[in-house]
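Asks: Below are the chains, spelled out letter by letter.
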Amino acid sequence: MSLTELTIADAASGLRARKFSAVELVRAHTDAIAALNPRLNAYITTTADEALKAAQQADDVLAKGEARALTGIPLGIKDLFCTNGVRTTAASNILKNFVPPYESTVTANLLRDGAVFVGKTNLDEFAMGSANITSAFGPVENPWKRNGDEAALVPGGSSGGSAAAVAAGLAMGATGTDTGGSIRQPAAYCGIVGLKPTYGRCSRFGTIAYASSLDQAGPMARSVRDCAIMLQSMAGFDERDSTSVNCDVPDYSAAIGRSLKGLKVGIPAEYRAEGLSAEIAAAWQQGIEWLKAAGCEIVDVSLPHTKYGLATYYIVAPAECSSNLARYDGLRFGERVPGDTLDAMYEATRRAGFGPEVRRRIMMGTYVLSAGYYDAYYLKAQKVRTLIRRDFTEAFGKVDVLLTPTAPTPAFAQGEQSDDPVQMYLNDIFTVPASMAGMPAMSVPVGLGATGLPLGLQLIGRPFDEETLLATGSALESAAGFTHRPAIRAEAAK
Amino acid sequence: MTYTIEGKTGAWEIVVGLEVHAQIISHSKLFSGASASYGGEPNTHVSLVDAGFPGMLPVLNQECVAQAIRTGLGLRARINLESRFDRKNYFYADLPTGYQISQFTHPIVGEGTVEIELGDGTVRHIGITRLHMEQDAGKSMHDQDPARSFIDLNRAGVALMEIVSEPDIRCPEEAGAYLRKLRQILRYLGTCDGNMEEGSMRADVNVSVRKAGEPFRTRCEIKNVNSIRYVMHSIEVEATRQIEVWEDGGEVDQETRLFDPSRNETRSLRSKEDAHDYRYFPDPDLLPLVVEQEWVDALERGLPELPDDKRDRFVKEYGIPRYDASVLVAEQAIADYYEEVAKGRDARLAANWVTGDLFGALNRTGRTITDSPISAAALGGMLDLVSDKTINGKIAKEVFEDMLETGDSAAAIVERKGLKQVTDTGAIDAAVADVMARNADKVEEYRGGKDRLFGFFVGQVMKAMAGKANPAMVNEALKKVL
Amino acid sequence: MSLDPATVRRIARLARIGIDESDVPALQGELNGILGWVEQLNEVDVEGVPPMVGTGHAALRTRPDVVTDGNCRDAVLSNAPDGVGPFYTVPKVVE
Numbered sequence: 001m002s003l004t005e006l007t008i009a010d011a012a013s014g015l016r017a018r019k020f021s022a023v024e025l026v027r028a029h030t031d032a033i034a035a036l037n038p039r040l041n042a043y044i045t046t047t048a049d050e051a052l053k054a055a056q057q058a059d060d061v062l063a064k065g066e067a068r069a070l071t072g073i074p075l076g077i078k079d080l081f082c083t084n085g086v087r088t089t090a091a092s093n094i095l096k097n098f099v100p101p102y103e104s105t106v107t108a109n110l111l112r113d114g115a116v117f118v119g120k121t122n123l124d125e126f127a128m129g130s131a132n133i134t135s136a137f138g139p140v141e142n143p144w145k146r147n148g149d150e151a152a153l154v155p156g157g158s159s160g161g162s163a164a165a166v167a168a169g170l171a172m173g174a175t176g177t178d179t180g181g182s183i184r185q186p187a188a189y190c191g192i193v194g195l196k197p198t199y200g201r202c203s204r205f206g207t208i209a210y211a212s213s214l215d216q217a218g219p220m221a222r223s224v225r226d227c228a229i230m231l232q233s234m235a236g237f238d239e240r241d242s243t244s245v246n247c248d249v250p251d252y253s254a255a256i257g258r259s260l261k262g263l264k265v266g267i268p269a270e271y272r273a274e275g276l277s278a279e280i281a282a283a284w285q286q287g288i289e290w291l292k293a294a295g296c297e298i299v300d301v302s303l304p305h306t307k308y309g310l311a312t313y314y315i316v317a318p319a320e321c322s323s324n325l326a327r328y329d330g331l332r333f334g335e336r337v338p339g340d341t342l343d344a345m346y347e348a349t350r351r352a353g354f355g356p357e358v359r360r361r362i363m364m365g366t367y368v369l370s371a372g373y374y375d376a377y378y379l380k381a382q383k384v385r386t387l388i389r390r391d392f393t394e395a396f397g398k399v400d401v402l403l404t405p406t407a408p409t410p411a412f413a414q415g416e417q418s419d420d421p422v423q424m425y426l427n428d429i430f431t432v433p434a435s436m437a438g439m440p441a442m443s444v445p446v447g448l449g450a451t452g453l454p455l456g457l458q459l460i461g462r463p464f465d466e467e468t469l470l471a472t473g474s475a476l477e478s479a480a481g482f483t484h485r486p487a488i489r490a491e492a493a494k
Numbered sequence: 001m002t003y004t005i006e007g008k009t010g011a012w013e014i015v016v017g018l019e020v021h022a023q024i025i026s027h028s029k030l031f032s033g034a035s036a037s038y039g040g041e042p043n044t045h046v047s048l049v050d051a052g053f054p055g056m057l058p059v060l061n062q063e064c065v066a067q068a069i070r071t072g073l074g075l076r077a078r079i080n081l082e083s084r085f086d087r088k089n090y091f092y093a094d095l096p097t098g099y100q101i102s103q104f105t106h107p108i109v110g111e112g113t114v115e116i117e118l119g120d121g122t123v124r125h126i127g128i129t130r131l132h133m134e135q136d137a138g139k140s141m142h143d144q145d146p147a148r149s150f151i152d153l154n155r156a157g158v159a160l161m162e163i164v165s166e167p168d169i170r171c172p173e174e175a176g177a178y179l180r181k182l183r184q185i186l187r188y189l190g191t192c193d194g195n196m197e198e199g200s201m202r203a204d205v206n207v208s209v210r211k212a213g214e215p216f217r218t219r220c221e222i223k224n225v226n227s228i229r230y231v232m233h234s235i236e237v238e239a240t241r242q243i244e245v246w247e248d249g250g251e252v253d254q255e256t257r258l259f260d261p262s263r264n265e266t267r268s269l270r271s272k273e274d275a276h277d278y279r280y281f282p283d284p285d286l287l288p289l290v291v292e293q294e295w296v297d298a299l300e301r302g303l304p305e306l307p308d309d310k311r312d313r314f315v316k317e318y319g320i321p322r323y324d325a326s327v328l329v330a331e332q333a334i335a336d337y338y339e340e341v342a343k344g345r346d347a348r349l350a351a352n353w354v355t356g357d358l359f360g361a362l363n364r365t366g367r368t369i370t371d372s373p374i375s376a377a378a379l380g381g382m383l384d385l386v387s388d389k390t391i392n393g394k395i396a397k398e399v400f401e402d403m404l405e406t407g408d409s410a411a412a413i414v415e416r417k418g419l420k421q422v423t424d425t426g427a428i429d430a431a432v433a434d435v436m437a438r439n440a441d442k443v444e445e446y447r448g449g450k451d452r453l454f455g456f457f458v459g460q461v462m463k464a465m466a467g468k469a470n471p472a473m474v475n476e477a478l479k480k481v482l
Numbered sequence: 001m002s003l004d005p006a007t008v009r010r011i012a013r014l015a016r017i018g019i020d021e022s023d024v025p026a027l028q029g030e031l032n033g034i035l036g037w038v039e040q041l042n043e044v045d046v047e048g049v050p051p052m053v054g055t056g057h058a059a060l061r062t063r064p065d066v067v068t069d070g071n072c073r074d075a076v077l078s079n080a081p082d083g084v085g086p087f088y089t090v091p092k093v094v095e
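For the protein sequence lines, the chains are F, W and V, in the order given. At position 23 of the first sequence the residue is numbered 23 (my numbering), and the sequence of numbers has no breaks. At position 322 of the second sequence the residue is numbered 322 (my numbering), and the sequence of numbers has no breaks. At position 47 of the third sequence the residue is numbered 47 (my numbering), and the sequence of numbers has no breaks.
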């Protein structure tokens with residue numbers, strides 16, 4: 001099997017068994033990036049030279065028998081994680097030349113465990129988007145094609161570059177961040193596994209903020225086990241993040257393949273929403289059957305405030321982003337457009353530096369926080385958020401995990417959806433509620449739809465019970481036997 | 001008597017509330033580990049958190065919370081066991097993140113009160129509305145370059161307490177007394193050094209005027225006044241301006257103004273067409289701050305005795321007048337000095353010496369109590385010599401001056417100069433006899449009823465004995481023979 | 001609630017995002033579209049419901065008062081678009 005088709009778990013044993021070297025493994029990926037990235041645009045910045053150097057060091061470590069969990073494993077890093085000395089753009093013009101003199105906690109943890117970074121992956125600008133079409137560095141192409149159709153499809157967003165890179169074999173795994181579905185939805189669109197941990201599980205230190213009360217880093221990989229391996233490294237308490245939660249990180253891999261006998265799986269009625277495509281409804285039903293067969297008890301539950309999740313999100317997230325992005329003012333870092341006065345400089349800098357979607361969300365957030373509107377919008381939304389959270393808490397009184405679709409449709413073509421921002425926002429309808437409540441959730445590919453595109457199902461768990469997600473996800477994974485590969489991939493490009 | 005300003009239409013009262021920004025004494029900043037100390041090369045007391053770099057996050061300094069609670073306790077105020085941090089959003093060159101983290105809706109300290117005493121002895125209570133923690137901003141410098149302002153973030157993120165008073169102040173003198181009292185309390189508590197010149201304490205002054213019995217009229221806020229004297233001046237100047245506006249049939253606009261001491265006027269800060277809209281909301285990077293009552297209790301147990309309590313105790317324990325006690329508790333170091341001198345001695349005499357001769361000497365030599373050339377122990381030693389009649393009061397003054405100059409102990413000076421008081425009745429009687437013999441005419445006059453001359457005889461005897469005689473014994477001896 | 005052109009200009013100004021007069025109609029349309037859509041929250045009865053504050057997983061932690069950071073001026077100024085000596089700069093502010 002080609003080195004770019006291996007799972008992280010297999011590659012790690014292959015490295016230890018000296019079947020191949022870290023340099024070979026990493027070079028296979030940097031070559032694949034060189035070959036395919038011009039088309040897919042999954043990476044904004046590639047770091048082949050640094051990666052190969054790191055791979056040589058990894059081989060030394062392997063030779064000494066001191067390998068750690070990720071030693072020599074080539075990963076892509078969403079370009080929202082600050083990486084020391086490596087340009088970090090958030091896919092925005094305003095940071096197009098920003099080189100952080102510091103490392104995010106999540107990437108530092110991965111480096112500690114031996115990971116090799118092959119580049120910084122593309123995303124929607126400041127993680128604001130669901131199709132990876134708002135990047136200042138151009139859109140990402142989904143490596144999957146509809147049957148008999150060469151049209152470029154979107155990879156989902158905002159972690160679209162990470163999803164495309166992992167799907168196409170340009171990385172063995174990648175980091176993502178999820179604010180309203182930005183890990184799970186692109187994972188579903190690209191046929192990979194993506195896990196958004198509980199809010200507070202992974203440190204936010206050094207990760208460029210979009211909406212602080214929602215942002216959470218997580219792994220994206222081609223198997224549930226690989227996500228477990230990555231999460232093991234990424235997760236953990238960080239005293240530099242006041243919202244980081246100090247609780248033990250369990251052995252996530254141990255959850256893989258765990259018996260599901262007696263596990264109660266909730267099926268929320270409200271997710272049978274309008275616009276749910278027939279193929280996804282069918283995949284959901286199939287997932288239910290598989291879990292039943294694995295010994296789970298299926299329980300109908302209700303999450304009555306589900307339908308308000310998105311509207312709540314589109315008040316809370318813009319409000320927080322309008323404040324979080326105020327620091328991009330052309331003064332201490334980032335691009336500056338000169339002006340005669342301070343305000344002229346601010347206005348010119350921020351007009352030129354931010355793309356239309358970011359400007360729109362900043363303005364929306366500015367409005368909902370402004371005098372006279374705070375109670376009607378922001379305060380109201382935070383109250384609805386309490387109700388959404390209560391829905392989940394009540395459901396988790398009856399069941400151990402929830403099973404839903406990840407997205408209402410499979411990937412769509414660039415330009416196929418209307419220009420109406422609200423229509424675009426609806427792609428996140430199933431992922432947003434768990435974000436609003438801070439619950440962990442994961443998307444697992446379970447099959448191909450009528451047009452040959454991957455379909456994902458979402459599992460939502462109790463706070464800090466990522467293990468049940470991994471256990472259930474691995475059951476779905478083995479039942480589905482999802483071995484399909486996208487049309488554009490490193491192996492096929494040779 | 002209510003303080004009023006006379007206008008064309010009659011007398012106007014003034015109404016003042018103060019918002020004091022006091023820098024919290026701490027080693028590091030409110031939300032970052034950078035140094036909070038004053039000075040330092042530009043942009044060195046700055047972390048990437050303070051500079052608002054992408055992905056940087058705030059972590060709260062526990063000591064700043066403790067300092068805010070201590071201050072709240074010192075102001076006899078309610079401590080809110082749950083408080084929150086909000087973001088106050090606005091753009092400015094010295095505000096790196098584009099928002100100031102401040103406790104807008106849920107401050108850590110609620111209502112309290114400060115007792116002030118005016119020159120005529122009137123005691124008033126000024127209400128405290130709230131105290132909250134917030135970040136200071138950086139500094140813009142406008143003089144270095146023709147086209148640019150320079151930004152130094154050393155102050156950015158340093159912890160401040162904003163202490164807001166009720167609009168209870170009715171005259172400039174009360175404003176001054178309130179600020180001095182607040183500063184005294186902060187210094188006692190060790191929570192702020194109260195240094196207005198360095199900007200570690202500054203005031204925003206809210207002023208309005210009204211006719212007696214009216215509800216409040218529109219107020220103006222005078223920003224960032226940096227001395228007590230200026231606060232008092234600015235109130236008068238601004239109140240006078242407002243009275244003119246009202247009396248000319250105009251309306252006072254609610255606005256922010258600046259006090260210009262050189263021209264003795266306040267002027268409006270260009271109000272932009274978009275009034276500030278700070279878009280406060282809870283900072284999502286910080287959770288609610290919850291403090292335990294036990295911790296508050298422990299902090300309370302650790303508080304020093306506060307000035308009002310100390311003053312009352314001095315009056316009671318040392319039997320000194322309230323005015324003297326107030327003077328002695330003005331600063332903790334003075335009070336400590338006094339107590340060391342007074343303990344086990346004549347406390348009134350000690351108070352007279354400290355507030356009289358010692359303060360005079362410090363004034364003359366430009367020193368403060370902490371570097372006083374005469375230590376409390378040394379002054380006490382001298383008072384002991386007075387009490388045991390080794391020296392009399394007059395000689396004590398001479399000894400004191402010598403101590404000031406040489407730093408020698410009182411005992412050593414008395415020994416060196418032979419200033420020991422003469423209590424030998426034989427010597428005194430001899431001197432009395434000698435003085436009487438040389439002033440027979442005066443003796444006649446005295447005996448003829450000119451009582452005032454008694455002082456003359458005392459003076460002559462003392463002079464003859466180089467001031468060293470025990471005055472009481474001299475009196476007695478004179479009375480006997482006269 | 002719907003935005004008029006003056007409000008669009010005001011919030012752009014508050015957010016320090018320069019806009020041209022020709023941008024206003026499109027922005028007004030988009031923002032009103034989103035606002036109209038979030039109006040659905042009016043159906044939700046939130047009487048007596050507390051707003052979500054934090055995520056309920058923990059209370060705020062504090063750190064000891066120790067100087068652990070700063071003295072890193074090179075890093076602080078490393079990305080400055082227009083630094084002069086030890087300072088950041090901005091167009092001259094007239095106060």
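No lab work stands behind these hints: they were computed from the structure. Be a bit skeptical, because a hint or two may be false.
[Stated by the list, open to error] Part of the chain F face toward chain W, derived, beta carbon under 10 Å:
#1 Val86
#2 Arg87
#3 Thr88
#4 Ser212
#5 Leu214
#6 Phe464
#7 Thr468
[Said to hold, decoys possible] Derived DSS-like pairs (lysine-lysine); straight-line CA-CA distance at most 27 Å:
#8 W:Lys88 to V:Lys92
#9 F:Lys383 to F:Lys398
#10 F:Lys383 to W:Lys389
Think of the CB as a built atom: it goes at the ideal place given N, C-alpha and C, for glycine as much as any other residue.
Asks: Which hint numbers does the structure go against, in order from smallest to largest?
Replies: 1, 2, 6, 7 and 10
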